[in-house]
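**Student:** Here are the chains, one letter per residue:
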Amino acid sequence: DGGITQSPKYLFRKEGQNVTLSCEQNLNHDAMYWYRQDPGQGLRLIYYSQIVNDFQKGDIAEGYSVSREKKESFPLTVTSAQKNPTAFYLCASSILGGQPQHFGDGTRLSIL
Amino acid sequence: KNEVEQSPQNLTAQEGEFITINCSYSVGISALHWLQQHPGGGIVSLFMLSSGKKKHGRLIATINIQEKHSSLHITASHPRDSAVYICAVILGDNDMRFGAGTRLTVKP
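Sequence order for the protein chains is A and B.
Okay, so the first sequence: first residue is 1 according to our numbering, each after it adds one.
Okay, so the second sequence: first residue is 1001 according to our numbering, each after it adds one.
Calculated from the structure, these hints are not laboratory results.
Each hint should be verified, as a subset may be incorrect.
A short list of chain A residues far from chain B (calculated; beta carbon distances all over 10 Å) [said to hold, decoys possible]:
no.: 1; residue: Gly16
no.: 2; residue: Gln56
no.: 3; residue: Glu62
no.: 4; residue: Thr79
Restraint-style ranges between C-beta atoms, simulated for each label pair [claimed, not checked]:
no.: 5; chain 1: A; residue 1: Leu112; chain 2: B; residue 2: Thr1020; range: 38 to 46 Å
no.: 6; chain 1: B; residue 1: Glu1067; chain 2: A; residue 2: Ile95; range: 38 to 46 Å
no.: 7; chain 1: B; residue 1: Gly1052; chain 2: A; residue 2: Asp59; range: 25 to 33 Å
no.: 8; chain 1: B; residue 1: Glu1017; chain 2: A; residue 2: Gly40; range: 24 to 32 Å
no.: 9; chain 1: B; residue 1: Ser1026; chain 2: A; residue 2: Gln17; range: 16 to 24 Å
no.: 10; chain 1: A; residue 1: Glu62; chain 2: B; residue 2: Gly1052; range: 21 to 29 Å
no.: 11; chain 1: A; residue 1: Lys14; chain 2: B; residue 2: Asn1064; range: 45 to 53 Å
no.: 12; chain 1: B; residue 1: Gly1040; chain 2: A; residue 2: Asp59; range: 35 to 43 Å
no.: 13; chain 1: A; residue 1: Asn18; chain 2: B; residue 2: Glu1067; range: 43 to 51 Å
no.: 14; chain 1: A; residue 1: Lys83; chain 2: B; residue 2: Thr1075; range: 24 to 32 Å
What the simulated footprint calls covered on chain A by chain B, stretch by stretch (three residues with Cβ under 8 Å from a Cβ of chain B suffice, anywhere in the stretch; the number is not a length) [said to hold, decoys possible]:
no.: 15; segment: 63-75
no.: 16; segment: 98-109
Computed from a predicted structure; not experimentally measured.
No residue lacks a Cβ here, since even glycine has one placed at the ideal position from N, Cα and C.
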């Protein structure tokens, strides 16, 4: 079955450390997205990529970085510059020009 | 004020009840998306609609573009329908704005 795999499901890191969240899809989708979800708020777009080796900042890109070296993979790095990294992170994908309709199961990041 | 407002924030129902979740938005949109977030966090797309009504099983989604309002209805609700339901509006390419979600609990 095609889908999006996010790993790990739970991640704990010490303050000041960078951490990378994995997102892999086997849907052959061109576009991939990273969202952040906080309690009581809607999902907010961090970064998106429409094609390999290209990506754009979303609404809350500060303190995050991404890469898109392969079509299937869109890892997100939460850097030490992100002031409040504890959140639930969701990865999504879509066909080019479409809207994200396929989502992963998310990664819950907690900073100790 | 958020561009997408959902009501209620929390909803508790008895099994078998008819459920309505509302979504109002303040911007011009090309389409609207209803999503279901499971307790584990994963999100599933339920409907994408730009006019009228769509039905899938016990779920019905309606949209009124003039009134900037959409509703998600669940008929004969069941405990397995317990989830967070999220409304998202599509403003353009790669521009989707999300409501904060409605947490539904259906008790047996």
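**Student:** Compare the structure with each hint and give your call.
**Tutor:** Right, here's what the structure says about each hint:
Against chain B, the non-interface label of Gly16/A holds: every CB pair exceeds 10 Å, the least being about 26 Å. Against the 10 Å criterion, Gln56/A falls within the reach of chain B, whose nearest CB is about 8 Å from its own CB. Consistency note on Glu62/A: stated as away from chain B, and its beta-carbon is indeed over 10 Å from all of that chain's, at 18 Å minimum. Listed as outside the interface, Thr79/A is consistent with that label: its C-beta sits roughly 23 Å from the nearest C-beta of chain B, beyond the 10 Å cut-off.
Distance hint for Leu112/A and Thr1020/B: a CB-CB separation of about 42 Å, consistent with the stated range 38 to 46 Å. Evaluation of the 38 to 46 Å hint for Glu1067/B and Ile95/A yields a failure: the beta carbon distance comes to about 30 Å. Checked against the hint of 25 to 33 Å, the pair Gly1052/B and Asp59/A passes, with Cβ atoms roughly 30 Å apart. For Glu1017/B paired with Gly40/A, a C-beta distance near 25 Å keeps the hint of 24 to 32 Å intact.
Taking the beta carbon of each, Ser1026/B and Gln17/A are about 40 Å apart, not inside 16 to 24 Å as hinted. Between Glu62/A and Gly1052/B the CB atoms are about 40 Å apart, so this pair departs from the stated range of 21 to 29 Å. Remark: the range hint 45 to 53 Å for Lys14/A to Asn1064/B is upheld by a beta-carbon distance near 50 Å. Taking 35 to 43 Å as the suggested C-beta distance range, the pair Gly1040/B and Asp59/A does not conform, at roughly 25 Å.
A beta carbon spacing of about 46 Å between Asn18/A and Glu1067/B agrees with the range 43 to 51 Å that was offered as a hint. At roughly 45 Å, the beta carbons of Lys83/A and Thr1075/B sit outside the given window of 24 to 32 Å. For the segment 63-75 of chain A, the assignment as covered by chain B is violated, since 0 residues bring a beta-carbon within under 8 Å of that chain's beta-carbons and 3 are needed. Counting residues of the segment 98-109 of chain A whose CB falls under 8 Å from any CB of chain B gives 9; the rule of at least 3 is met.
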